[in-house]
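For the sequence shown, the positions run 7 to 280 when our numbering is used.
Calculated directly from the structure, the hints in this document are not laboratory data.
Some hints here could point you the wrong way.
The list that follows gives simulated cross-link-like pairs (lysine-lysine, BS3-like), each with its CA atoms no further than 27 Å apart [to be verified]:
1) Lys250 to Lys172
2) Lys51 to Lys25
3) Lys87 to Lys102
4) Lys160 to Lys25
5) Lys260 to Lys160
6) Lys230 to Lys240
7) Lys87 to Lys172
8) Lys172 to Lys198
9) Lys102 to Lys51
10) Lys102 to Lys146
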Amino acid sequence: MDKIKKQPIKDLSLLDQTKMLECSICLDVVVPPIVQCEVGHIMCKKCVESVHLKHCPICRQPITNRRHVAFEQLLESVRGKLETECRFSAKGCKYKVAVSDKDNHERDCRHRTFRCEGKIFADWTCDWTGEYSELENHFKTAHKSNATMQYTTKASIKVNFNHEYKDLQLISFFNGQAYFYYKHFVDKNNEKLYWTIQYVGLQSNAVHYFYEFEIANGPIRKIKVTEICYNDTKICKEIFEEEKCVVVPFKAAKSYLNENGELAFRFRITKIKH
Numbered sequence: 007m008d009k010i011k012k013q014p015i016k017d018l019s020l021l022d023q024t025k026m027l028e029c030s031i032c033l034d035v036v037v038p039p040i041v042q043c044e045v046g047h048i049m050c051k052k053c054v055e056s057v058h059l060k061h062c063p064i065c066r067q068p069i070t071n072r073r074h075v076a077f078e079q080l081l082e083s084v085r086g087k088l089e090t091e092c093r094f095s096a097k098g099c100k101y102k103v104a105v106s107d108k109d110n111h112e113r114d115c116r117h118r119t120f121r122c123e124g125k126i127f128a129d130w131t132c133d134w135t136g137e138y139s140e141l142e143n144h145f146k147t148a149h150k151s152n153a154t155m156q157y158t159t160k161a162s163i164k165v166n167f168n169h170e171y172k173d174l175q176l177i178s179f180f181n182g183q184a185y186f187y188y189k190h191f192v193d194k195n196n197e198k199l200y201w202t203i204q205y206v207g208l209q210s211n212a213v214h215y216f217y218e219f220e221i222a223n224g225p226i227r228k229i230k231v232t233e234i235c236y237n238d239t240k241i242c243k244e245i246f247e248e249e250k251c252v253v254v255p256f257k258a259a260k261s262y263l264n265e266n267g268e269l270a271f272r273f274r275i276t277k278i279k280h
């Protein structure tokens, strides 16, 4: 009888390596703590608890309470090496991401479901959810006055220094090639005005954009600030607290008011050229 020659697998990428790391419930890369059924199928403990499952969805055998510590250690050792699809791949995401970066990518992915940013940032009473492609239409139909700014904007605002106030605008960059949120906060407690502009999408893309912001009263007196954009999932409160944005104390801002009692400003969003 001829001996069967075993052909070594030279390229492990030919295999779907993430299948062995797949939770039997959510069908995504398993997340510690990891439990298993009596046969050995693995699953995220949080998935088991969230659906109150008692039996394995694959083999119907009882799910044990034992943590699969050895598998958790294996997962930790390969997290930075294995790549997997974004869970929004069915909606069009083409990215292949390291298992260790998967959560961050999916948090920022353009193919995620969006909530109205006005509700998140400025406490608007809006329960809209939708796709990235629907953002502009949502603002233009539900919040028309908050979709008037362009990537180059010159404006003036009446600032009430006695009341806390938040303003938000959706900005289309070159006819929807990208979107940004303009955010303004009148902080009465700290007596400061804040502005920031956030890119809608991945942080890895956001760093390729910056904004130049200028407050002026006449041709001479000006405040100019240039900042790199953060993406939209970065908590705006943290940006303001870290002052990685435009920050102007009330006292200084009042000295820049024009004859109408308004604060004149302009900004420009620019993509970094490499």
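Right, here's what the structure says about each hint:
no., hint, verdict
1, Lys250 to Lys172, "17 Å, holds"
2, Lys51 to Lys25, "18 Å, holds"
3, Lys87 to Lys102, "12 Å, holds"
4, Lys160 to Lys25, "53 Å, violated"
5, Lys260 to Lys160, "19 Å, holds"
6, Lys230 to Lys240, "23 Å, holds"
7, Lys87 to Lys172, "43 Å, violated"
8, Lys172 to Lys198, "12 Å, holds"
9, Lys102 to Lys51, "25 Å, holds"
10, Lys102 to Lys146, "34 Å, violated"
The structure does not agree with the numbered hints 4, 7, 10 stated previously, though it agrees with the rest.
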